[in-house]
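Chemist: Residue numbers (the numbering used here), protein chains in the order written: chain A, 20 to 354; chain L, 19 to 390.
These are calculated hints, taken from the structure and not from any lab test. Don't take every hint at face value.
As the list claims (entries may be wrong) - Only pairs whose alpha carbons sit at most 20 Å apart, straight line, appear in this in silico SDA-like list of lysine to any residue:
#, chain 1, residue 1, chain 2, residue 2
1, L, 247, A, 221
2, A, 333, L, 379
3, L, 247, A, 60
4, L, 247, A, 76
5, A, 333, L, 372
6, A, 333, L, 375
7, L, 247, A, 81
8, L, 194, L, 173
9, L, 247, A, 73
10, L, 247, A, 308
11, L, 247, A, 31
12, A, 221, A, 300
13, A, 333, L, 96
14, A, 333, A, 351
15, L, 247, A, 93
16, A, 333, L, 382
17, A, 333, L, 90
18, L, 247, A, 75
19, A, 352, A, 308
20, A, 333, L, 371
21, A, 127, A, 179
22, L, 90, L, 313
Every value quoted in this text rests on a predicted model; they were computed, and no experiment measured them.
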Amino acid sequence: MTTAEAPAAREIPYVSAVNEAIRQLMEADPDVFIAGEDVAGYGGVFGVSRGLLGEFGERRVVDTPISESAIVGLGVGAAAAGLRPIIDIMFMDFMGVCMDEVVNQMAKMRYMFGGKARLPLTLHTMAGGGMNMAAQHSQCLEAWFCHIPGLKVVMPSGAYEAKGLMVAAVRDDNPVIVVNNKLSLGMKAHVPEELYEIPLGKANIVRPGTNFTIVATGRMVHESVRAAEMLTADGLDVEVIDPRTLQPFDTETCVESVRKTHRALVAHEAVRFGGIGAEFAAQIQEEAFDYLDAPVGRVGAPFAPVPFSPALEKHYIPTADTIAAEVRRLLGKQG
Amino acid sequence: MADGRKGTYPVAETVAPVVAEYARRLPGCLTAPAAVDSIPWRRSDMDVNREVLLDLHYRMLRIRLFEEEAGKLSEAGRIPGALHLYVGEEAVAAGVMAHLTDADQLTSTHRGHGHLVAKGGDFKKMYAELFGRSTGYCKGKGGSMHIADVDLGMLGANGIVGGGPPIAIGAAFANKYRGTRNVTVCFFGDGASNEGTFHEAANMAALYRLPVVFVCENNGFGEFTPQAKHQAIRDVADRATSYGMPGLIVDGMDAVAVYESAGEAIERARRGEGPTLLEAKTYRFFDHVGVRGMGVSYRADEEVLEWRKRDPLLSFEQKLVETGVTDQGSINALRERVLFEINEAITFAQESPFPDESQLLEDVYAVSGGVR
Ligand SMILES: Cc1ncc(C[n+]2csc(CCOP(=O)(O)OP(=O)(O)O)c2C)c(N)n1
Ligand SMILES: [Mg+2]
Numbered sequence: 020m021t022t023a024e025a026p027a028a029r030e031i032p033y034v035s036a037v038n039e040a041i042r043q044l045m046e047a048d049p050d051v052f053i054a055g056e057d058v059a060g061y062g063g064v065f066g067v068s069r070g071l072l073g074e075f076g077e078r079r080v081v082d083t084p085i086s087e088s089a090i091v092g093l094g095v096g097a098a099a100a101g102l103r104p105i106i107d108i109m110f111m112d113f114m115g116v117c118m119d120e121v122v123n124q125m126a127k128m129r130y131m132f133g134g135k136a137r138l139p140l141t142l143h144t145m146a147g148g149g150m151n152m153a154a155q156h157s158q159c160l161e162a163w164f165c166h167i168p169g170l171k172v173v174m175p176s177g178a179y180e181a182k183g184l185m186v187a188a189v190r191d192d193n194p195v196i197v198v199n200n201k202l203s204l205g206m207k208a209h210v211p212e213e214l215y216e217i218p219l220g221k222a223n224i225v226r227p228g229t230n231f232t233i234v235a236t237g238r239m240v241h242e243s244v245r246a247a248e249m250l251t252a253d254g255l256d257v258e259v260i261d262p263r264t265l266q267p268f269d270t271e272t273c274v275e276s277v278r279k280t281h282r283a284l285v286a287h288e289a290v291r292f293g294g295i296g297a298e299f300a301a302q303i304q305e306e307a308f309d310y311l312d313a314p315v316g317r318v319g320a321p322f323a324p325v326p327f328s329p330a331l332e333k334h335y336i337p338t339a340d341t342i343a344a345e346v347r348r349l350l351g352k353q354g
Numbered sequence: 019m020a021d022g023r024k025g026t027y028p029v030a031e032t033v034a035p036v037v038a039e040y041a042r043r044l045p046g047c048l049t050a051p052a053a054v055d056s057i058p059w060r061r062s063d064m065d066v067n068r069e070v071l072l073d074l075h076y077r078m079l080r081i082r083l084f085e086e087e088a089g090k091l092s093e094a095g096r097i098p099g100a101l102h103l104y105v106g107e108e109a110v111a112a113g114v115m116a117h118l119t120d121a122d123q124l125t126s127t128h129r130g131h132g133h134l135v136a137k138g139g140d141f142k143k144m145y146a147e148l149f150g151r152s153t154g155y156c157k158g159k160g161g162s163m164h165i166a167d168v169d170l171g172m173l174g175a176n177g178i179v180g181g182g183p184p185i186a187i188g189a190a191f192a193n194k195y196r197g198t199r200n201v202t203v204c205f206f207g208d209g210a211s212n213e214g215t216f217h218e219a220a221n222m223a224a225l226y227r228l229p230v231v232f233v234c235e236n237n238g239f240g241e242f243t244p245q246a247k248h249q250a251i252r253d254v255a256d257r258a259t260s261y262g263m264p265g266l267i268v269d270g271m272d273a274v275a276v277y278e279s280a281g282e283a284i285e286r287a288r289r290g291e292g293p294t295l296l297e298a299k300t301y302r303f304f305d306h307v308g309v310r311g312m313g314v315s316y317r318a319d320e321e322v323l324e325w326r327k328r329d330p331l332l333s334f335e336q337k338l339v340e341t342g343v344t345d346q347g348s349i350n351a352l353r354e355r356v357l358f359e360i361n362e363a364i365t366f367a368q369e370s371p372f373p374d375e376s377q378l379l380e381d382v383y384a385v386s387g388g389v390r
């Protein structure tokens, strides 16, 4: 095969994949607009909306005041009135400011109104640590939202997922929270140029394996793949699953894997206690109890806010080493 | 001279008396008799004497040099994380803090170093915090955006825009509850004045007549968005009326003007007459984060240069020299002393240990026992 016949698959960074998804969605549907702090003139502090103002103008690319409650409320009202808003909350931590709009308004409106409202609203945000930005700019709070009936939550792990899930989120007629990870924004992957959708609620087997299952979210997918490679030295053939959507969760794919491997661990960057991994582990255990040779393990951050000092933060965020160590510990516990 | 609690302040000859007072930070130290009878740019009946002028200068100089050195270290990649620097806005912190004692509180913002320096913060603990060392104000857990000195009443920089106002009224509530004459100052930006938290706090402060002063540092931008694109008013002070409190506007590039207006507002609060909203028109010379500030997409260099002509520190120094309050030699000497102190602090910070992994889980909860 020569390169002339098959041009190398286009690789673009995660941030460009999100940008491209938004651009194409706006081109395709005049009801799609984006609003948030510094999304227009500056193109977003992470570059997610770069160039959109020039292309679509101030009507559809809207710089907002620093008013998270009103920003999300704007999205809720506009969606209820028939538009398809993309609302940007710069850091996931700032969700604390607008929780009522998210939890009591956006999530419940349809149900409370007896199915009369439709809220095709996408709430786009950035989570994650590793940049020494301390306790209020580093959190992973996805579990909060997965707990709220009426919300869907996606957590892309790479550029391909970022575009496909963004498209699915915007096209979905329900409120969807898209949780990106700051440290992933520069990661490149093959991303098709056309609009494509990754169906919500469908997991992806990132690395097939036969005798251990790791279910990992967001950036931890890559750490888990690295852990899997390290664990080949222990004679393990680890399967890594990226649920991609956390709510609804693809129980079936994970359970099927565990029926084959008999051992499982879930890994996320968020605090371990009460993290979404607890729910995943419980579901796996409920559905595959008879197949399990060991308890379902969980890897997450310790029960503390994200520390500022690099010396502490490096011990805080789980890595491939932490994950591999936990796998080895679980193997020692096999019944 | 030793200050007993916070280490040693350097003293240049001409400012020795005021620095001595400042270092001890005694309440009332600023009402010492005037050494220069007429201060030409005084605007009110308030006693603005030579000591006050030197005090304001000293606070501004300390902030400026602290921030410039921090900026250099950040640009060189030696300080981790993001720094929001206060250069250009020094007159606001200096003019307000000159009225406060250690028992008065303040809530700060993400741009908080200047507030703590002006309140008498310890350079060593500040730099150590920026460097993420265990000897820092927050043992390295907070960093620039959470720097705090609760003993000094500095209730923290804040990573959440609009995080301060509700906390400020809580501290003011406690002061009123206990029957003290202490005041809480709430610093916040023009951008933060659009957060619901500010409006809710302002309403409660006026309703309960709390001893709080809301100081809006209007530097014309919320991040990269100019004020005209984030609110339909020009004067944040206009918002005061709707909550039932006075709103004052002051030239935030003029430390004396800030000193006078802040003095009125703080005295009003101490007298139990309730809150005031004081808007200081100012400008940030550097970028939203880090140093650069010129040659950026969101504002014109001419605009920056226009504001820089009114540099709160340099123009003040010029006036001090012109009016004979002090002379250039003394200013230079003072600058050297402060820089010396800063370099010592940076060395201290860099030689300090990082926090140990075992500290990760410490301080999540207090050990209980405070309930009577
Ligand atoms: C709740 C919240 N929203 C957004 C941000 C991101 N952010 C940090 S500083 C800033 C601008 C604040 O503007 P202003 O209050 O005017 O303060 P300035 O930076 O000008 O001093 C923004 C939007 C944040 N930290 N917290
Ligand atoms: Mg501002």
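Chemist: A separate judgement is required for each hint: does it hold in the structure or not?
Modeler: Right, here's what the structure says about each hint:
no. : hint          : verdict
1   : 247/L / 221/A : violated (41 Å)
2   : 333/A / 379/L : holds (14 Å)
3   : 247/L / 60/A  : holds (10 Å)
4   : 247/L / 76/A  : holds (15 Å)
5   : 333/A / 372/L : holds (12 Å)
6   : 333/A / 375/L : holds (9 Å)
7   : 247/L / 81/A  : holds (10 Å)
8   : 194/L / 173/L : holds (17 Å)
9   : 247/L / 73/A  : holds (17 Å)
10  : 247/L / 308/A : violated (58 Å)
11  : 247/L / 31/A  : violated (33 Å)
12  : 221/A / 300/A : holds (17 Å)
13  : 333/A / 96/L  : holds (17 Å)
14  : 333/A / 351/A : violated (26 Å)
15  : 247/L / 93/A  : holds (17 Å)
16  : 333/A / 382/L : holds (18 Å)
17  : 333/A / 90/L  : violated (25 Å)
18  : 247/L / 75/A  : holds (18 Å)
19  : 352/A / 308/A : holds (16 Å)
20  : 333/A / 371/L : holds (16 Å)
21  : 127/A / 179/A : violated (31 Å)
22  : 90/L / 313/L  : holds (18 Å)
The earlier numbered hints that this structure contradicts are 1, 10, 11, 14, 17, 21.
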